[in-house]
Structure formats: C-alpha cells, structure tokens
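Listed below are the residues making up each chain.
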Amino acid sequence: MTVAAALRADSDAEMNRSPLLSARSVVVSYGRTPALRGVTMSVGGGEIVAVTGASGSGKSTLLLCLAGILRPDVGEVRFGDRVISAESEAARSRLRRREFGVLFQFGQLVPELSAVENVALPLLLSGVRRRPATTAALEWLDRFGIADLADSRPPQMSGGQGQRVAVARAMVTEPVVVFADEPTGALDTLAGEQVLAQLVRVTREAGTTVILVTHDTRVAAYADREVVIRDGMLDEVATGSSDRPTS
Amino acid sequence: MGVEAQGTYVGLRTCPTLVGLRLTDTSHTVNSGLVSTSHLVLGLLARGERHGYDLKREHDLRFPSARPLAYGQIYATLERMQRQGLVDAVSRERVDGPDRTTFRMTRQGRKELTTWLAEVETPAPFVTNLFATKVTLALLTGDEGAAADYLRRQRQAHLARMRDYTRVKTDPESSLSQVLAADYALSHLDADLRWMETALDRVTGLTEEMP
Amino acid sequence: MTASPGPRGATLLRLAITGGSADRMRILLTAMGAAAGTLALLAAAAVVSIGPSDGPYSSDVLNERGLHQGVVIALILLCLPLLVFVGQCSRIGAPARDRRLAAFRMAGATPADAVKIAATETGLAAALGSLLGAGMYLSGRVLLDRPHVDTVTVMRKVRENLFVGEPVTGPVWNLPTDVIAPWWVIASVVIAIPIAAGVLSVVALRRVALTPQGVIRRQPLRPPAVLPAILFAAGAGGLAAFEAVVQAFGLDGSVKALAAIALLLLLLCGAGLLLGGAAIAAGIGALLAPRVNNPALLIASRRMIAAPYTASRASTAVLLAVLIGAVVQGVRENFLLITDPNESFYADTFSLVDAVLALAIALAAASLLVTAAESVVERRQTLAALAAAGTPRGVLARTILAETLFPLVPTCVLAAAAGSVAVRGVLGAEVSAFDSGATVPVPVPWTELAILTGGTLAVTAAVTALALLFLRRSTDITELRTAA
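Chains as they are written, first to last, in the working numbering: chain A, 1 to 247; chain B, 1001 to 1211; chain C, 2001 to 2484.
Hints were generated in silico from the structure; no laboratory data involved.
Just so it is clear, CB atoms sit at the ideal spot from N, CA and C, and this is done for glycine as well.
Some hints could be false.
If you anchor each label on the Cβ, the simulated ranges turn out as follows [as the list claims (entries may be wrong)]:
1) B:S1175 with C:N2293: 46 to 56 Å
2) A:G56 with C:L2143: 55 to 65 Å
3) A:R37 with B:E1173: 36 to 46 Å
4) A:S158 with C:N2293: 28 to 38 Å
5) C:N2293 with A:A91: 50 to 60 Å
6) A:S25 with B:E1144: 27 to 37 Å
7) B:D1143 with A:R37: 20 to 30 Å
8) C:L2028 with A:R37: 54 to 64 Å
9) A:A54 with B:D1143: 22 to 32 Å
10) C:M2025 with B:G1145: 52 to 62 Å
11) A:D231 with C:L2028: 36 to 46 Å
12) C:P2111 with A:G56: 53 to 63 Å
13) B:S1175 with A:S158: 22 to 32 Å
Use the sequences and the hints to build the structure in full.
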C-alpha cells in the first residue's frame, strides 16, 4: 500500500456516518472522586474510534458507560434508538451479550476452559447448542490462524495468543460494537501489533464499530479517529472538529 | 574513514525531527540523518557484481521511500571507489549504447562495509526541536493559551500521520522494507507525541516556572 | 537485640496484625472457632472430672459414669470440624494476604519468615479465641450454677453387671457446673489450641510457594484415584463381612478387639472417601465437560477437573459428619430393638447425639462457606470479565453452586452407605428383640439416612448460596483494572 492510498483512506474514514452510539453530558463519580465531568461524544456505525488520555483521565470509565457496564450518574448513553443508561442491569446484560463484544487487558478468558470452549461460551450463553457453538468457535480460531490452540487452556498460552483467542471470543457473536480497553497493554510490541491488526481487519470486514481505549498513541493510530479525554472531560481541540458537540 | 569524508550524501535534511514527517525519506535517516553513497553502493554490491544501472534499480526498489539515486552520482562514486581500491571493474560490455562496466567489491571494500555496519553511531548530542522552539517562543510572548492550543493541534496532526503509517504497516501488500520504514517513522512520531503530552502538562500546569 | 537470623517476636507480631477488612474477618472467625473449641474441650474436661460424690444431674448421660467416655469422645469429635473450620479460615481474604506476604518477601523476608508471619497471625487469633472461650467457660460455670431440688433416678452398682435405679431427691444440676477440671488441664487447653491452630495454618500453607512475586499454590496434576478406591473398598468390604473377617483372621471375640477392628475399618473407609474426593470431582467434571450445553455446567465441570482439591478440601468435614451420622443412625436402630422401649434413656441419649451431629454438620457447612467464598474472591477477575461481557449473574451463581454440590452428592451418598453397611456388618442385620426375644431383622433407617444426606446437602447448598453474596462485589468492574 502506498502512502498516497493511505491518505485517501484517511479521508474515507472521515465520511459522515449516522451515530450508532452516543454519550451526552455523561458524569460519573467514584465516591467523591469525579471520573467523568460531562462528556458528550458520538460514534458512527463501522467506525474505529480510539479513546485516549493519561491514566486516571476517565477514558476507561467512558468505555464502561458506553458499553452499558456502568450507569452514569448524570447524562445519557444511547445505542441506536435505545437509551441504555436508563435500562436495567438485566436488559443491559442481554444487550452486551447479544450486540457487544468486550476485550480487556487481561482476565477475560476463563482459565479452566480450553480456547475453543472460551470462544464458544458467548454462544452457549445465548442458548446455542454445544455442537454448533463449537463449530463456530473453531471457525473463528481458524480464521485467526490459531486453530492449533483450540484445546489449550489460557495459562498454557502466551499473552498474545490469549488476546487473539479473546478477540475471537469478542467476535463470535458477530457483535455490532466491540469495546476494547487497553487490549495490548500487557503485550510486547509485536504481539500487540498482531492482536490489533487482527482486530482491525476482522472488524473492518464485518463493518463492526470499535471503541478502543488506550494511553498509547501507537495503538490509537490503528483507529480512524481519536477522542482525547483530559481530566474527565473531552479535549475538544486535541480531538478535532469532527466531534464537537452539535446541538 | 577517509571514504566517509569524501562521500556524497543522500537524504539530506536540515531538521531531523521533521524528517519523520516526510514520507519520502526515512530509510536513509540513520541517527545523524546521513548515509554516504559509498556505503550504499558497497552494501548493494555485497550480493555479487553489478553494473551501475543495476545498482540504481536495486536501490530504488529496496528503498522506495528514499530519493531515487541519479545514475551520474552512482557512476562518479564508483569511479572514486575504484581509485580507493574498494571496488574492481570486472568487465565491460556494450549493448546497443554506451559501455557498461560491471563492478565488484574488493576485499578492502568488504572490510570497509563490515566495519561501517558494525560501527555504533554517535547519538545526536541535541535535537533541533522545532516544536520546543515554537512553544518556548509562544510562552515568551506571554500566550500560554496559544502554546497549549498549538500543541493540541500539532498532536492531532501527528496522530493523523501515524494513522497513515499504521495503514501502510498493516497492509498485507506492504513489503518488509516499507513496514520497517513505517515502524521507524511511527517510533519517532510517538516520541514527539510523548514530548507534546508532557509539554502540554507543563505548559498548562507550570507556567509560573518560566523565568 | 541479639543478631538473630529472623525477625524478632515483636516484629512478627506487628507484621501479623496489619491488614484489611478481609484479614479482620479471618481473625474474627478464627478466634470464634478457637473459642468454641476451647469451650468444647473444657466441657469435656469437666465431664471427666465428675467424681462419685458429684451431682446428681438432670441428665442420665452425666449420672452414668460409664457413659462419660462417650460424652467426652463426642465433645472431642466436635473439635474436629472446628479445627477444619479454623484451618479453612486461614484462607479467607487470601488474595489480600497473599499480596501482603509477597510484599514481605519482596522486602527481604525469607519464605520461612512469611510462613511464621501467617502462623503467628492464626496463632494470635486462636489465642485470643481460646482465652475468650476459657473466660466464657469460667463465667458460665458460675452463672449457670443453679441447682434445683428434684428427684432423679441414679443407678447404683449392686454387684458386677447389676445396677439398681435409686430415686434421689435433693439439689440437682443441669450441667456439671459443680466440678472443675484441675487448673493445669484448663491451662494446657488454652495453650494447646493456639499452637494447634498455628501448626494447622502452616500445614495449610505447605503447598503454597511464598515468592516475592506473589503466592503460588501448587497442586498435584492428577488426584489419586486407585489408592482411595482400594482403601474404601477394603474398609467397606471388611465392615460388611465383619464376622467373616473376624473368623478368617482367627481373632478372639473380646469386645475391645472387635471394636478396635471395626474402628480401624471405618477409618479406612473415611480415609478412602477423603482422599478419593478429588478424583471423584475430577471424574464427574470429565464426564460432564464435553457434553453439556449449559454454560454454567461447562464452567463448573471444567473447574472440577482443573481444581479438584478445592471441592474435596471443603467437603472433608461434611463427609466425616455424614459417615459418623450414618453409623449413629444404624446403632440407634439396633439399640432401640434390643433395649426396653419403656426406658427412655437410650432414646434420650441418641437425641443428644443427634443434636451434637447437627452442630457438627453446621460447623462443617461453615467451613464450606469459607471455601466457596474464597473461590469466588480468588476468581473475581474472571467473574468480573464474564459479567462485563453480559453473562447473567445467575449463570455465575449456578456455576459456583454446581461446582460445590456436584462432587459432594456421590461422596455423601457413599459415606452414608458405608456408615450403614458398617453398623449392619458389625452389629448384625438381625437381633433378638427386647420384648419378644424373637430374632427380628433390623430395619434400615431409610428416613433418617435420607434426612441426614439430604439435609446435609441442603445445608451445604444454602451455605454456598450465602457465599454468592460475595459475587456482586467480586464482579465489580474495578476488578478488571488490576493485574491478577
């Protein structure tokens, strides 16, 4: 790929897309410590958005709100035409299971389950029978070139292998949005690049929206655009014009 | 050593930090930013004898983001290297045009190449930092807001460029040398960005420290 | 201030008592367990001290000197589940303490120092508890010393093997508050309990590597299956064919020798069950894991394979209680046939034994609670990630229930069966009835056995459900922010 082609792709990414996921004036406090102090942003369908900021800036909290894991104290989070910040834990749980995929720095794989069982787990949770779930899980592992790991358990894998299995698990339900919080934080550069390249490739192919939280600008560079959080607020200048609140 | 002094330089850029921003020139920016044509030619001759035109073609192929070498420049370099005993003219052939001389590396040439490749480059003693200069000058004019604003927008521009390089890097059709060049550029842009982050924190938090 | 190779006592003390709320919880529970143990042992000591001139008491169990041995054994047996409970308590708040121990190691403490710190903590908590227990005993002795005037029947020995009941009217005590064990017995109980607790916590840490990077728990890969099976089969088989065994080995028929053999075979049975628990858990897991559609069962069965000892460690006390309980039920059935049905003494005694048994099962369940809670807290990161991915808490709760209960069902049934077989083998399946003198079959106490096994499992399930209270806190999203 030439640089000129890359530059063209850059302008493609800035094409206006209808907002799929949005936060409006979101405020979250942990006890007396404010984590988010009124954040407004939106994400279009199929976009890969990096949320960056220093540690403690509130970027992870924003991801938790957008993913419906955490309910904001003030403000609302919308997914399509649903106001998910107003929904019950059970409803948000179902939403996450069906429409979202999550990817964390570590710990998301069940250490006792094999790779293929870990990938099949979200399908089993949605009531898919064991055999078709296993077949689908194997297909995803194969797609990522890690079919040989199918029967390994997470403690036997390297960090990079574990995260690739985790990407397969996040994608197995063919989610609308994938939320990734420092997915390569515990990996060395090359293993991290493999995971990110794999994540970006499959989500672009499937048209999946990705929210990628990271403190590392090299990771953020995998996204189409960047949202900068500073001290619990959106840094509008650093984020750029495309995300200024339009009211 | 004598060779280096007489070398013709390619990839010359006056501001090393800005070099990273020019997509046309990264692979030839080793630390001090300069690689002599002699060493380039020696390196390209390492895999066997070549004539001048082959050398030019191979250079342009292997270093696609570098400025193409002029044939005349290669010819002049080869002549000089022959006088220094670094290369030998092997044969002269004539194919519907001017003479074509094939060159090969001498034992002395290989020694020079090996020494040069193994030599540790002196890290640049200081970096001429355009951003730092701008920020400092903005602060001297008493406008912290402008300095911070500039840093934020510069950060945005840097990240946009990093995205371009990341696309090159992740494109399955990119060659290894393209990926390596992109890695190099990304590392430098990332270093700039980290500096900007720190500078932004200092500017917004510690303006009173400016004398 | 000599140049000692390890930390001084005061340092150990200070290091041992630092810690968070989970540590305080552990210290509190350890102290409570130790207090209860001290109370039971001191009560046993008091019963031993009852002389011919003491009493009389409102309970025949205390008036009959021949029964004192049984009471003492029951009280000491009660200490077994208590000890297991205290041992389990040393694991509460394990992650927090593990980090603390790792930090001590990082700061230069040797592995032995770290074990000493942990043992000191448990020992201190137990010392506190046993002092409290002794205090409770001594004050209880005074507060409950309220003899009332009544008439009780006291057995007087007329000659060898002949007792005559004599009504006695006068002050009657409910409990042996009129006697006290010698001071050195009380003192040694108060001292022995903390030492035993400390030793037990060292034993609990024996498979644990205390490294500066963290605490690593080693477990053998494959739990033993053959040896426990042989032990169990030998024990249960020997008990079932008790008479044949006695004859085959040409043993004399003295009651003491027979009792010793029966006890030995019962011990074999128990050891087989306890050692085999892990293999049974792993076996059930391996049977279920490749087949189940239910995600909760899948995780539970894989967990049983991966950590079979977690289940067996927890169920030790429960299994012992069920085994002994089944023996007691069988013996009752037998005794009630061969004794005077008008004489309420035996029925009363067995009711008392049942009460002790229930207490033991409750204690066993309490240590199970500790294990279940620990397993939730230990896996909090995985659980939090599963919850974040949209796994309903109900699925997680069912996982934890299944992994606790599934291995327990077959072992409990085996324990109950072994206990029943033992009694029938040793005491016979037929006896001559007290009233008719005719030979009648001893009925199998199905109802009692069902209550025993089902009740134990129900209590266990209820207790595990309590552990699920930890689930909400353990699935908190903040758990995802820290490395394991």
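Practice problem: Using the Cβ atoms, figure out if B:D1143 sits within 20 to 30 Å of A:R37. | Solution: Holds, since B:D1143 and A:R37 (Cβ atoms, about 26 Å apart) stay within the stated range.
Quiz item: Do the Cβ positions of C:M2025 and B:G1145 conform to the proposed distance bound of 52 to 62 Å?
Solution: 53 Å, holds
Exercise. Take the C-beta atom of B:S1175 and the C-beta atom of A:S158, compute their distance, and say whether it sits inside 22 to 32 Å.
Key: 27 Å, holds
Quiz item: Measuring from beta carbon to beta carbon, are C:L2028 and A:R37 in 54 to 64 Å?
Solution: 40 Å, violated
Quiz item: A:S25 and B:E1144, beta-carbon distance inside 27 to 37 Å?
Solution: 28 Å, holds
Self-check item: A:A54 paired with B:D1143, Cβ distance criterion 22 to 32 Å
Solution: 24 Å, holds
Practice problem: Could you check the hint for me, namely that A:R37 and B:E1173 are 36 to 46 Å apart, CB to CB? | Solution: This hint holds: roughly 45 Å between Cβ atoms.
Quiz item: Taking the CB of A:G56 and the CB of C:L2143, does the distance hold inside 55 to 65 Å?
Solution: Between A:G56 and C:L2143, where Cβ atoms are some 58 Å apart, the hint holds.
Quiz item: Could one say that the CB atoms of C:P2111 and A:G56 fall in the range 53 to 63 Å?
Solution: Since C:P2111 and A:G56 have Cβ atoms about 36 Å apart, the given range 53 to 63 Å is violated.
Quiz item: Is 36 to 46 Å a correct range for the gap between the Cβ atoms of A:D231 and C:L2028?
Solution: Holds, since A:D231 and C:L2028 (Cβ atoms, about 41 Å apart) stay within the stated range.
Quiz item: Does 46 to 56 Å hold as the CB distance between B:S1175 and C:N2293, or does it fail?
Solution: This hint holds: roughly 48 Å between Cβ atoms.
Quiz prompt | Hint check for A:A91 and C:N2293 - Cβ pair distance inside 50 to 60 Å | solution = Roughly 24 Å apart at Cβ, these two residues miss the hinted range, so it is violated.
Hint violations for this structure: numbers 5, 8 and 12, all remaining hints satisfied.
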